[in-house]
Amino acid sequence: MTQSATLEPPLLALDGLGKRFGSLQALEGVSLGVRAGTVQCLLGENGAGKSTLCNLIFGVYEPSAGHMTFGGAPWAPASPAVALERGIAMVHQHFSLVPRMTVVENLMLGQVKGMLHRHEFGARIRDIAERFGFALDPDAVVGELSVGERQRAEIVKCLMRDPRLLVLDEPTAVLPPGEIGALLDICRRVADSGRAVILVTHKLAEIARVADRVAVLRGGRLVADEGMAGADMSTLVHAMVGREVKPLDVALAEPDGPAAGQPATGDAGGPRRFALVCDGLSVKDRHGAVRLDNLTLEIRPGEIVGLAGVEGNGQSELGMVLAGLLRPTEGRFYMGDVELTHAGAAAVTAAGGGIVPEDRHAVACVTAMSVAENMYLNKLGRFTRFGLLQRRALNAAAQAQMRTFDVRAASPEVAFSGLSGGNQQKAVLARELTLDPLVALVAAQPTRGLDVSAVEAVYRQIRAAARRGVGVLLISSELDELIAVADRIAVLYRGRLVGERPAEPAERAAIGALMSGQVVSGQSVSGHAA
Amino acid sequence: MTTTAILLALPDRRRWVGMAVPFIAVAGALAIGLVLIAASGKSVPDAIEAFLDGAFGTAFAVGASINRAVALSLVGLGFILAFRANLTNVGGEGQIAIGGIVATAIGLWPPIADLPLGLAVVLPLLGGTLGGALWGGIAGVMKVRFGTNEVISTLLLGFIALLLVYWCVQSTALLRQPQTSSATLPESLPIAESVKLPGLTGSPESPLHIGLVICLLLAVATAVVLQRSTFGLRLRAIGLNELAARRAGMPGGILLVVALALAGGFGGLAGAIMLQGEQYYLKTGFSSGYGFDGLVVGLLSRGSAVGVLAGALFFGFLRSGGISMEIMAGVPAALTLVIQGLIVIAVAGSVILVERLERGGR
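Going line by line, the protein sequences match chains A and B.
The first sequence begins at 307 in the numbering used here and counts up one residue at a time.
The second sequence begins at 1365 in the numbering used here and counts up one residue at a time.
In isolation and in its complexed conformation, chain A is listed as follows (with noise of 0.2 Å):
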């Protein structure tokens, strides 16, 4: 089919695309053809343009220079409506659903006037989620599913308006690991059906499965666009990332990187025997479901566990409960020699435990102010005479913290909603890792939605922590990199602890397994007997 498409012309056509916010060039000259029956995969690190140009095609931003043509006729969407109505459909990063209805009625949102028939629109929706070869319930309540099915609702929701173009936002940045190829067998069965898809990513191994053509964007400009056949991985990752990067084991298994940070001092007292016990940590949700079950896992300083699951498994749980925003119902949990069940943020921020939370926008940031107001949110105090904040003092400590933490931002004044997520993340460690004294850290998915250079850095600046005795815990569901950088690896299934191994690359399907509920024998719940 790639070789007839060749010959049609493209279905879409950007032709010297350019947008600009103000003084910030997003996008700038780029030409790009995508083609019926094709998977065209954009690549790009963040702040690269990815966003900025589905947005542009879809209608929610006007390019200010360039035009673009749709079947063969000039294509200038008002809004996104417009958009869908003419033929192209997006799946954005953030799910649009109502979490307290069902699949059906959220569908019938927007497209339905009048009468409404649950039975023939749910039929209509299962005949659909056929076609394209998956399941969907359409009397499932939308908050009881899992990221993957309200991702496949999303989607089945556009193939309803019988798109030409569907359009993907980092679909698979959401996605554990196991489902992630369920969606893109789903991309490969729309581009099959005739329709052209977009799959905006930034993820390597995803391209090289699906994608037919590759195109990449950095620092808004397109600096390559080839056919799969022809493309070079590493190519790629040069291209996008504009220097050698190495693999990522490589990079992760690095012994030293450049210092980072100040070393902690506090721990001047001999060596601490755990720098984070939790002793039987449970948590029952409002309606008395268990979210976490007995928990007991014991963190020695300068060890780095991983803690693999899939999503939804009591990661965000344990999260929470160890950033003392959430109380367990049952069980302890010490930092040092501190006992902080029940102390709350501002003594775990004491204690030392450092934390980067899994959901940076609720809980590490606040998007609205500066850059430096955030990276000493914490530390306020010591920036404030006679109950003053000392704003001089304030920036040209955050202007440094930037430099030593590559946090790349035109000044430490600006709004911290401005970073891109890879410096957003670094914002956030450099504060948590510059605690004095810092014991334990607990990094919940700190690289999601980050690109191969953001994850680098984030991980280096980690293994240093632990060089310095930090015992770390880090929980994620990027299994690839737990066995990189930690030491060993536990997993969390249904809120339990179901078994530890080693982190090594041999372990990965014994891991996996274990993630997926199913007991490796003679391993069931092993704890920490190794």
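These aren't lab readings, by the way, just hints derived from the structure by calculation.
Cβ coordinates follow ideal geometry from the N, Cα and C atoms, glycine included.
Zero decoy hints are in this set.
Quick list of simulated restraints, FRET-style, between CB atoms:
| id | chain 1 | residue 1 | chain 2 | residue 2 | range |
| --- | --- | --- | --- | --- | --- |
| 1 | B | A1585 | A | G687 | 15 to 23 Å |
| 2 | A | G586 | B | S1668 | 46 to 54 Å |
| 3 | A | M539 | B | G1713 | 54 to 62 Å |
| 4 | A | G823 | B | G1671 | 58 to 66 Å |
| 5 | B | L1527 | A | S717 | 52 to 60 Å |
With chain A held as given, fit chain B onto it using these hints.
Chain B only, in chain A's frame:
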């Protein structure tokens, strides 16, 4: 023509437009007001004369208008402090009432009048402030402990406070003056001369009192707290993202309670100043309208202390002029309120318009 074109081409012409728009809007609202007065069959020139006379005509009129503005400013300053933490205090009315009650109670306490060093003036003021702070703090505690929305709780606490005033002046066991005949009004005794706020001008003609100085000092303090202090930044962080602020170790609950207590304290102080500055005795309805006008002043100021002062002055003069229009030109009080409403809409609308203009630039 060309000059206009050049002026309009200037890069910061939007700022000029932004500054002009609210004035044009207010002028428009006043014009509509005059049309309404004419439509109600009253003489427009008479009404204007009465308005100007009542607002600016005499030293007394100006002083009374400024005293009004002082009370409105205080409520408005408290409002913007709490609003920084994303809390909407609509209980100004009740906080004024509590401040008035406490100031009266302390002011009527016999030994107080003989205290040296101005303590006779200061103690009732402090008492009123603390009373208001307590009243606002209750709403804060309810929010932190039970998740009660502060809009609801401050409003309802306001109603309770108004009824407390009623109770206080109805019962001789509380603050009602001794009943000597059936004609004794349900009011408290007047406070002693030494408890009254000292005048500013020394002339008996002007009611202007030291409350103005207190108000200006507090406006400066509020501006510093909001813009320069760590506390102000913490309030902002809590208001923007409570979870992140708590994660960063800020005492979320305490900050919320303090923010509402501060707002209440400002309201209570306004009540005490009204009582010790002009009213001199407690009666029902003495806080009428001040709490809500102060709320509007706070809302329209968009978080700026200077904005609060400007808005309060405007409303203070408008109120005085309106009362005079009613008495001298027979313009119904309701019509003054209509004009006031029109002005609020005009100012709020022009703010939105100006923001559009600012964002509209490519």
